[in-house]
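Colleague: Sequence:
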Amino acid sequence: MSFKSILFAGALAALPNLSLAQVQVTDPYARAASPMAISGAAFMAVTNTGDSDDRLVGVTSDIADRVELHTHIQNADGVMRMVELEDGIPLPAGETVLLERGGLHVMLLGLRQPLAHGDEITVTLEFETAAPLTVTVPVDLDRMPAHGGGMQHGQGHGQGHGHGG
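Residues -21 to -1, 1 to 144, numbered by mature numbering (1 follows the signal peptide of the UniProt record, and there is no 0), are exactly what the sequence shown covers, in order.
Just so you know, these hints were derived from the structure itself, not from any lab.
Just so it is clear, CB atoms sit at the ideal spot from N, CA and C, and this is done for glycine as well.
A hint or two may mislead.
[What the hints assert, rightly or not] Between beta-carbon pairs, the in silico distance windows are:
#, residue 1, residue 2, range
1, Gly73, Thr39, 25 to 31 Å
2, Gly89, Arg122, 19 to 25 Å
3, Met15, Val58, 35 to 41 Å
4, Pro71, Ser13, 17 to 23 Å
5, Gly73, His96, 33 to 39 Å
6, Thr28, Gly67, 15 to 21 Å
7, Pro111, Thr75, 16 to 22 Å
8, Glu107, Leu77, 28 to 34 Å
9, Asp44, Gly67, 30 to 36 Å
10, Asp121, Pro71, 16 to 22 Å
11, Thr28, Asp121, 29 to 35 Å
12, Thr75, Met15, 16 to 22 Å
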């Protein structure tokens, strides 16, 4: 086998790894309402650094029985409620999507252990086209929303998930 053939084969083998560079996560954190909470939430900024649109389609973690993508919507009576995003979260090319309190977020349902301040949990983000991305998420029970206001996670959920934020 010639040097050029080896070089070409190596370049081809590296191509699937290009998808790894399409998505970056910054500033992740997780919280729960109390040590007895059965649910919690994770927040982060997800940036699509690629040239084509993608979609966050799922999340997994061994910290919870189920992990879902959620948002808050306001009903006709002005009450905010949380809903699952079964089609995922669009990630436009070159843009950052914020998963934040009172908006888009990762919902951790059926916590298998308490989310204690200072702990770290691991979540794996799954995308339509980018390779899965495993993220270490610190638990920060003291963090306040960056915008200084808005709805606290856990308010207005009706038959709640037993969490807050």
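Colleague: Indicate, hint by hint, whether the structure satisfies it.
Modeller: Consistency of the hints with the structure:
Between Gly73 and Thr39 the C-beta distance comes to about 26 Å, which sits within the given range of 25 to 31 Å. For the pair Gly89 and Arg122, the beta carbons lie near 23 Å from each other, so the given range of 19 to 25 Å is met. Remark: the range hint 35 to 41 Å for Met15 to Val58 is contradicted by a beta-carbon distance near 25 Å. Hint check: Pro71 to Ser13, Cβ distance near 36 Å, so the stated range 17 to 23 Å is violated.
Range check, Gly73 to His96: about 35 Å between beta-carbon atoms, so the 33 to 39 Å window is met. For the pair Thr28 and Gly67, the supplied restraint of 15 to 21 Å holds, since their beta-carbon distance comes to about 18 Å. Between Pro111 and Thr75, the C-beta spacing of about 19 Å keeps the proposed range 16 to 22 Å intact. Restraint check, Glu107 to Leu77: a C-beta distance of roughly 19 Å breaks the suggested window 28 to 34 Å.
For the hinted restraint 30 to 36 Å between Asp44 and Gly67, the CB-CB distance of approximately 20 Å leaves it violated. For the pair Asp121 and Pro71, the supplied restraint of 16 to 22 Å is violated, since their beta-carbon distance comes to about 32 Å. Look at Thr28 against Asp121: about 30 Å separates their beta carbons, and that is inside 29 to 35 Å. Hint check: Thr75 to Met15, Cβ distance near 34 Å, so the stated range 16 to 22 Å is violated.
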